[in-house]
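Student: Here the structure of chain A is known, so what remains is to put chain B with the ligands in place on it, guided by the hints.
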Amino acid sequence: MDYRITVAKKMLLSKKGSLLGAVLAIGVGILVISIITVIFLGLQNAIIRDLKIYQFGDLMVTDETGLIDKSDQLIIGWFESNSRVIGATPRLTSSTDIEIRKDGELIELFGVPIIGVDPLRDPTVSELHKTVAEGEFVNSRNSIVVGSVVAEDLGGIQVGETLKLIITNRVDEEQTEFFVVNGISKTPGGTGLDSNLIMPIDTLRDLIDRPEETGNFIVKLTDPDYSQEIKELFLLSFSNDDFEVKTTQEAGRDIIRNFSSALGMFTLIGYVGLMSSAFAIITIQMMLISSKTRDIGILRSIGTRRKDVLIIFIIQGLIIGLIGASVGTAFGLAFTTYAKVTNMSFAGSLELEVEYDFASTFSTALTAFTLAVFASIYPAYKATKLQPLEAMRGV
Amino acid sequence: MSKVLEIKNLYKEFGEGDTKVEALKDVSIEIKKGEFILIVGSSGSGKSTLLNMIGLLDRPTRGQLVIDGIETSDLDDNQVSLFRNKKLGFIFQFSNLLSDLSILENTMLPRKIAKKTENLVSEAKELLKIMGLEEQLDKLPTKISGGQLQRAAIARGLINNPSIVLADEPTGNLDSETAKTIVQLMKTMAKKFDQTFIVVTHDRDQFGEVDRIITISDGRAFEADNTEMEVMVK
Ligand SMILES: Nc1ncnc2c1ncn2[C@@H]1O[C@H](COP(=O)(O)OP(=O)(O)OP(=O)(O)O)[C@@H](O)[C@H]1O
Ligand SMILES: [Mg+2]
Chain A
1 MDYRITVAKK MLLSKKGSLL GAVLAIGVGI LVISIITVIF LGLQNAIIRD
51 LKIYQFGDLM VTDETGLIDK SDQLIIGWFE SNSRVIGATP RLTSSTDIEI
101 RKDGELIELF GVPIIGVDPL RDPTVSELHK TVAEGEFVNS RNSIVVGSVV
151 AEDLGGIQVG ETLKLIITNR VDEEQTEFFV VNGISKTPGG TGLDSNLIMP
201 IDTLRDLIDR PEETGNFIVK LTDPDYSQEI KELFLLSFSN DDFEVKTTQE
251 AGRDIIRNFS SALGMFTLIG YVGLMSSAFA IITIQMMLIS SKTRDIGILR
301 SIGTRRKDVL IIFIIQGLII GLIGASVGTA FGLAFTTYAK VTNMSFAGSL
351 ELEVEYDFAS TFSTALTAFT LAVFASIYPA YKATKLQPLE AMRGV
Chain B
396 MSKVLEIKNL YKEFGEGDTK VEALKDVSIE IKKGEFILIV GSSGSGKSTL
446 LNMIGLLDRP TRGQLVIDGI ETSDLDDNQV SLFRNKKLGF IFQFSNLLSD
496 LSILENTMLP RKIAKKTENL VSEAKELLKI MGLEEQLDKL PTKISGGQLQ
546 RAAIARGLIN NPSIVLADEP TGNLDSETAK TIVQLMKTMA KKFDQTFIVV
596 THDRDQFGEV DRIITISDGR AFEADNTEME VMVK
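So the sequences go chain by chain: A and B.
Per the working numbering, the first sequence starts with residue 1, numbered consecutively.
Per the working numbering, the second sequence starts with residue 396, numbered consecutively.
Excised from the complex, chain A in its bound form (with noise of 0.2 Å):
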């Protein structure tokens, strides 16, 4: 072996403490960086997903001018003739005012978003059914499925109560209506409909005065892969028309796009974090130079040039990056696969979506290996201009 290859890992082995030091300050920050991408990423993938399960479906049709006027045996039909589908469901959006009143007199009138579910096809397509923590999910012309943020905005309402909407209809004539209480729905994180109420859509149609119309389609697909496909398909089907269909990602895009800028900022702050560890880096391969003059002075009494002195230090620093990229990242992927396995969640509520990022991995660690071997030429440069009598008379 090349001798300044023997020497370089020699002299890194006898200063165990230094290397040890510089190897977890590189560790540590590549650990640091990956708890930051589990956590965010992780948040983000939870909250796309419930989105997904609760709102999205894996594709999302909408009307770019408005309310779809197709009936729902078109839309539906047409998607589940496709094998790929497994199912399709009706939603209608509106909103309504609840007014909180004790002993008669009005305390409080605020606005809810409603939205309107197809009772039966809805639990095929969607899981918000089984977002109802109490009761049922609804079934009969006025049952209500309230929010737990709502019900608790209504003074903590139960199901069984019965609950008073006042909604206005599209001629602005306001209509009220008395629902009984069927559920309460609830999610970990809140990434459900905890802010809503969930009506029958024939209900709310009625209600607002416009049977017939939808405000999107929501179709579950035997595999998300096919959305782009699928999604084609129906465009061309409906080229008459003004349908937008949107895929999750498409639908999440705003989401993901927030995400990425704080994971982006926060990964900026993991990498600031890996440049101190390169510092820390130099300092400890100054101090390991400094106690190594002597050795230096007689490797350069018996010709070793300034230019291998310069490779040798390098040569440590290649080793320092090599072990600390390498033990860093099996922290990471320890961390990862932990966060995995135990189903971590974020804030002791939502569930982390935690995903096996390879190639984020493979960049931080080849980023900490190229600081540690950076970190490592300006000591090395100084332990270059050592003259050798200085070097052997000096310690």
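Take the hints with a grain of salt, since some may be wrong.
Chain B side only, calculated, beta carbon under 8 Å to chain A, not exhaustive [what the hints assert, rightly or not]:
#  : residue
1  : VAL435
2  : ASN447
3  : LEU452
4  : ASP453
5  : THR456
6  : LEU460
7  : ASP469
8  : ASN480
9  : SER494
10 : LEU496
11 : LYS507
Subject to a maximum C-alpha distance of 35 Å in a straight line, what follows is the list of computed DSBU-like cross-link-like pairs (lysine-lysine) [to be verified]:
#  : chain 1 : residue 1 : chain 2 : residue 2
12 : A       : LYS10     : B       : LYS534
13 : B       : LYS511    : B       : LYS538
14 : A       : LYS130    : A       : LYS186
15 : B       : LYS482    : A       : LYS385
16 : B       : LYS538    : A       : LYS10
17 : A       : LYS382    : B       : LYS510
18 : A       : LYS340    : A       : LYS246
19 : B       : LYS586    : A       : LYS16
20 : B       : LYS403    : A       : LYS9
21 : A       : LYS385    : B       : LYS587
22 : B       : LYS510    : B       : LYS587
23 : A       : LYS9      : B       : LYS511
24 : B       : LYS403    : B       : LYS587
25 : A       : LYS246    : A       : LYS15
26 : A       : LYS307    : B       : LYS575
27 : B       : LYS524    : A       : LYS220
28 : B       : LYS524    : B       : LYS534
29 : A       : LYS382    : B       : LYS586
30 : A       : LYS307    : B       : LYS403
31 : A       : LYS70     : A       : LYS186
32 : B       : LYS482    : A       : LYS9
33 : B       : LYS510    : A       : LYS15
A few chain A positions that, by computed beta-carbon distances, are all more than 10 Å from chain B [claimed, not checked]:
#  : residue
34 : TYR3
35 : THR93
36 : GLU136
37 : PHE137
38 : SER143
39 : GLN175
40 : GLU232
By construction, these hints were calculated from the structure, which means they are not laboratory data.
Note that the Cβ used here is the ideal one computed from N, Cα and C, for glycine as well.
Tutor: Showing chain B with the ligands alone in chain A's frame:
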């Protein structure tokens, strides 16, 4: 016999102005291949300075230093390193060996640097065996005695067949018994390989008969023995 070293009108000054020290003054010496040379003189006279000049570990202020026919003042730092590696062997009083390499690895180092690794392990082992270190091959320098360290340094000094082996007080740190064996080893090796040795010492008696003795006094070089002989001849 061929000249391995030719020093002409060599000066070395340290510092400037009031603190200026003229460590070597107009030193001229010629040394032939195979000579065993002692450099003696009182403390601070300039012995180490001269040896360091010859070893290209420091540069003279003025004058010529020719080793193996090569004028060394024109060499750049890289060439000087190469030159030290190929032409010179070093034995110092202290700190000869790299603390993290074994005795065998330390011995082989000059040849590894020179990338002349053919038969290296066997030659190094052979040399260390002559030095009586066959049991210590894999030990670290911290695990052997001072005398053994100096023997290893001799082996390392010889491994690359240098033109000159330079030794600055190689026995200065040893008890007289051990010193004697080290001197003996150096002299034996000098004979065996027709190897030029230039050795700085405080204790010329330790060395017994040598080819030449150069005395440094206040930065000037004299060859006491030769002068005496010349006087006797006249
Ligand atoms: N790097 C230096 N800077 C300044 N002065 C120096 C330096 N090296 C040597 N000197 C001076 O040069 C003179 C000769 O020193 P040198 O080390 O050659 O003496 P020496 O004969 O080897 O002494 P000793 O027997 O004590 O080793 C001394 O006066 C010393 O102080
Ligand atoms: Mg001296």
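Student: Out of the numbered hints, which ones does the structure contradict?
Tutor: Those not satisfied are hints 1, 5, 6, 7, 19, 20, 21, 25, 26, 27, 29, 34.
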